[in-house]
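For the record, the sequence lines run as chains Y and S.
Mapping of the first sequence onto our numbering: position 241 corresponds to residue 241, and the numbering continues sequentially without gaps.
Mapping of the second sequence onto our numbering: position 94 corresponds to residue 94, and the numbering continues sequentially without gaps.
Please note that the accuracy of each hint is not assured.
[As the list claims (entries may be wrong)] Below, simulated DSBU-like cross-link-like pairs (lysine-lysine); rule was C-alpha separation at most 35 Å, straight line:
no.	chain 1	residue 1	chain 2	residue 2
1	Y	Lys18	Y	Lys110
2	Y	Lys204	Y	Lys116
3	Y	Lys89	Y	Lys230
4	S	Lys107	Y	Lys110
5	Y	Lys230	Y	Lys216
6	Y	Lys158	S	Lys159
7	Y	Lys116	Y	Lys158
8	S	Lys109	Y	Lys107
9	Y	Lys158	Y	Lys5
10	Y	Lys5	Y	Lys230
11	Y	Lys5	Y	Lys111
12	Y	Lys111	S	Lys322
13	Y	Lys18	Y	Lys230
14	Y	Lys204	Y	Lys216
15	S	Lys107	Y	Lys107
16	Y	Lys18	S	Lys159
17	S	Lys107	Y	Lys216
18	Y	Lys204	Y	Lys111
19	Y	Lys5	S	Lys109
20	Y	Lys18	Y	Lys158
21	Y	Lys89	Y	Lys204
22	Y	Lys216	S	Lys159
23	Y	Lys89	Y	Lys110
24	Y	Lys230	Y	Lys204
25	Y	Lys158	Y	Lys111
26	Y	Lys5	Y	Lys18
27	Y	Lys116	Y	Lys89
28	Y	Lys230	Y	Lys158
29	Y	Lys5	Y	Lys204
30	S	Lys107	Y	Lys5
31	S	Lys322	Y	Lys158
32	Y	Lys18	S	Lys109
33	S	Lys159	Y	Lys89
34	Y	Lys158	Y	Lys204
35	Y	Lys89	S	Lys107
36	Y	Lys110	Y	Lys158
Read the hints as simulated data drawn from the structure, not as lab findings.
All figures in this text were calculated on a predicted structure; none of them were measured in a lab.
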Amino acid sequence: MLRVKNINTYYGQVHALKNISLHLNEGEIVTLIGANGAGKTTILNSLSGITPPRDGEILFEGRPVAGLSPDCIVDMGISQVPEGRQVFKDFSVEDNLELGAYLRYRKREKKSVIRKDIEDVFELFPQLSGRRNQMAGTLSGGEQQMLAIGRALMARPKVLLLDEPSMGLAPLVVQEIFRVITDLRDQRSTAVLLVEQNARAALKIADRGYVLETGKVMLEENAYDLLENKDVQRAYLGRDKKEIWER
Amino acid sequence: MLKGNKNLVTYGMLSGIVMLAPLFFAGGYLLNVLVFVGINTLLAVALNLLLGFAGQISLGHAAFFGLGAYISGVSTATYGVNPWAAMLLAAVAVGLVAFAIGFPILKLKGHYLAMATLGFGIIVYIVFNETVDLTGGPSGLSGIPSFTVADFSFDSDMKNYYLIWGITLVAIVLSANLVNSRIGRALRSIHSSEVAARVMGVNVRLLKVQIFTLSAVLSSIAGSLYAHTMTFISPTSFGFNFSVELLTMVVIGGLGSILGPLLGAGLLTLLPEFLRTFQDYDIIVYGLLLVLMTMYLPGGLASGFTAMCARIRSRFSREVVKNAQG
């Protein structure tokens, strides 16, 4: 449903993505793993139009995406949860969600339909529901991450781009968020492109994974195979694999 | 709903105060000052839309004010255009200018945006000074006609007071409505996080240019009102100093508050009048007051005002409870 063919993205002179190709099927969680600076976030930003690729092709449901502005891309059904959450801190929780439906309001969609989606987000994250009128800046890190995901869902995306949802969060909260991500796939068949530092947790819920190094795709496999792959274990899953890295 | 009612009461009270104020100063010098408070409030409302809500600085707003004044002044005094038509002409022209320069300028952020708008302000100021044939140059442009409706002429401070404050109040209500709408939410989101706003589908670049244009058009209207009230304009009123003064009004009043511009413009316009008693030292007292206010009221006068109201209200309700018990 989403197909990326040979894209190259630059930051000024810096060649950040080198001939990246990947694809994402309907109702599938695909994770991108790799070290800092490998280009994971840049791939998401290229898809959402924040840093459009200089060449190459991005097709979403057969339609070209590369070169469109972020608002058109959101309108087509691709929503991004930006790195570091970036909730609107001096907005209430509800106002954050309302802003997620910005384009739907512009298209004069019925208010009651949007209200219902807001309630759906609160159902997905019951923790937020009690804080709906609180300023988003006063939420905990985990709640802010939930809000950021909820806000992105308000656009009713077919593809959700998630940038490091586990960043700086307690393991229990990470579990909760990952549970919701799998629910999104299983119940709404939303496709998810998940960028993670926490490679083990990401591979456990993902269907497939891509391993990135310095702007290139090094490996593409089933999540299970990646978890078992010796090189991947050594480079990204090290912690419990003493027998490998102490050899 | 409740919020709407509360706002209605606030606006009602505000309009009441504005309508009644001249009765106390009829024909006096203070009435003339209050006319200026009205114009400055309109300008501060305009700048607050841009700076307070969208978070984009402008150090060149005096230029839009000046362009409005000069287009109105020249077209009426030299070419005999009707003042109302001139005001409309100026607003459209200034809107087009702002829209055109908005796209390149608003790509910049922070200090660079401040520099670019500053540069624009200086260029416009120089044009006012140097195009002597058109604007009269440094010696100014005189003989600008007052507004008229049929045989009724807005030729006294009292009449202009009501005209200007009427328009200013409308601008305040419009800005409040805009800010509480979907667009207003998007504007404030730009202020909060531009990247997040973009991935929510907000067309950040266009929205910034649109609010910049709206802000410029309101400033231009203020300029036209100024020209037709004063009937004389000269470039010194539209220089860099005035841009900074406007900025100070918005910040002192309270960034991103609806009534902040009114309070800020009121204070900074009235204060120098009252500080006259300090004669040569007025500028020191003025500076001192600004420093103290930024130290103790960092959220601006509006936030201080709300906090004060809350305190009075809680004290009052406590009194009521005490009385009821005793």
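Results of checking the hints against the structure:
A C-alpha spacing of about 43 Å is found between Y/Lys18 and Y/Lys110, which places the hinted pair above 35 Å, so the restraint is violated. Restraint check for Y/Lys204 and Y/Lys116: satisfied, since their Cα atoms lie roughly 32 Å apart, inside the 35 Å limit. Between Y/Lys89 and Y/Lys230 the CA atoms are separated by roughly 43 Å; this puts the pair beyond 35 Å, and the hint is violated. Simply put, S/Lys107 and Y/Lys110 have alpha-carbon atoms about 34 Å apart, close enough for the 35 Å limit, and the pair holds.
Of the pairs offered as hints, the one joining Y/Lys230 and Y/Lys216 holds, with about 20 Å between alpha carbons and a cut-off of 35 Å not exceeded. Among the hinted pairs, Y/Lys158 with S/Lys159 is inconsistent with the structure: their alpha-carbon atoms are about 60 Å apart, more than 35 Å. With a CA separation close to 18 Å, the supplied pair Y/Lys116 and Y/Lys158 stays within the 35 Å bound. For the hint pairing S/Lys109 with Y/Lys107, the CA-to-CA distance comes to about 30 Å; that is within 35 Å, so the pair holds.
Straight-line distance between C-alpha atoms of Y/Lys158 and Y/Lys5 comes to about 20 Å, which keeps the hinted pair within the 35 Å bound. About 28 Å separates the Cα atoms of Y/Lys5 and Y/Lys230, which keeps this hinted pair within 35 Å; it holds. About 38 Å separates the Cα atoms of Y/Lys5 and Y/Lys111, which puts this hinted pair outside 35 Å; it is violated. Distance check on the hinted pair: Y/Lys111 and S/Lys322 sit about 46 Å apart at the alpha-carbon level, beyond 35 Å; violated.
Taking the CA atoms of Y/Lys18 and Y/Lys230, the gap is about 25 Å. The hint holds against a cut of 35 Å. For a cut-off of 35 Å, the pair hint linking Y/Lys204 to Y/Lys216 stands: about 23 Å separates their Cα positions. Distance check on the hinted pair: S/Lys107 and Y/Lys107 sit about 27 Å apart at the alpha-carbon level, within 35 Å; holds. Of the supplied pair hints, the one linking Y/Lys18 and S/Lys159 is violated, its CA atoms being roughly 69 Å apart against a limit of 35 Å.
At roughly 31 Å between alpha-carbon atoms, S/Lys107 and Y/Lys216 fall within 35 Å of each other, so this suggested pair holds. With a CA separation close to 38 Å, the supplied pair Y/Lys204 and Y/Lys111 exceeds the 35 Å bound. For the hint linking Y/Lys5 to S/Lys109, the alpha-carbon distance of about 34 Å falls within 35 Å, and the restraint holds. Of the pairs offered as hints, the one joining Y/Lys18 and Y/Lys158 holds, with about 26 Å between alpha carbons and a cut-off of 35 Å not exceeded.
For the proposed pair Y/Lys89 and Y/Lys204, the alpha carbon gap of about 32 Å is at most 35 Å, so the pair holds. As the CA atoms of Y/Lys216 and S/Lys159 are separated by approximately 72 Å, the hinted pair breaks the 35 Å bound. Restraint check for Y/Lys89 and Y/Lys110: satisfied, since their Cα atoms lie roughly 27 Å apart, inside the 35 Å limit. Between Y/Lys230 and Y/Lys204 the CA atoms are separated by roughly 16 Å; this keeps the pair inside 35 Å, and the hint holds.
For the proposed pair Y/Lys158 and Y/Lys111, the alpha carbon gap of about 21 Å is at most 35 Å, so the pair holds. Proximity of Y/Lys5 to Y/Lys18 is assessed by CA-CA distance (about 11 Å); at most 35 Å being required, the pair is judged to hold. Proximity of Y/Lys116 to Y/Lys89 is assessed by CA-CA distance (about 23 Å); at most 35 Å being required, the pair is judged to hold. The straight-line distance between the Cα atoms of Y/Lys230 and Y/Lys158 is roughly 34 Å, inside the 35 Å bound, and the hint therefore holds.
For the given pair, Y/Lys5 sits about 27 Å from Y/Lys204 by alpha-carbon distance, which is consistent with the 35 Å threshold. Restraint check for S/Lys107 and Y/Lys5: the C-alpha separation of about 30 Å stays at or below 35 Å, so the hint holds. With a CA separation close to 60 Å, the supplied pair S/Lys322 and Y/Lys158 exceeds the 35 Å bound. At most 35 Å may separate the alpha-carbon atoms for a hinted pair to count; Y/Lys18 and S/Lys109 meet this at roughly 30 Å.
Proposed proximity of S/Lys159 and Y/Lys89 is contradicted: the alpha carbons are some 45 Å apart, above 35 Å. A threshold of 35 Å between alpha carbons decides the hint, and for Y/Lys158 with Y/Lys204 the separation of about 22 Å falls inside it, so the pair holds. For the given pair, Y/Lys89 sits about 24 Å from S/Lys107 by alpha-carbon distance, which is consistent with the 35 Å threshold. For the suggested pair Y/Lys110 and Y/Lys158, the alpha carbons sit about 20 Å apart, so the restraint of at most 35 Å is met.
Of the numbered hints listed earlier, those contradicted by the structure are 1, 3, 6, 11, 12, 16, 18, 22, 31 and 33.
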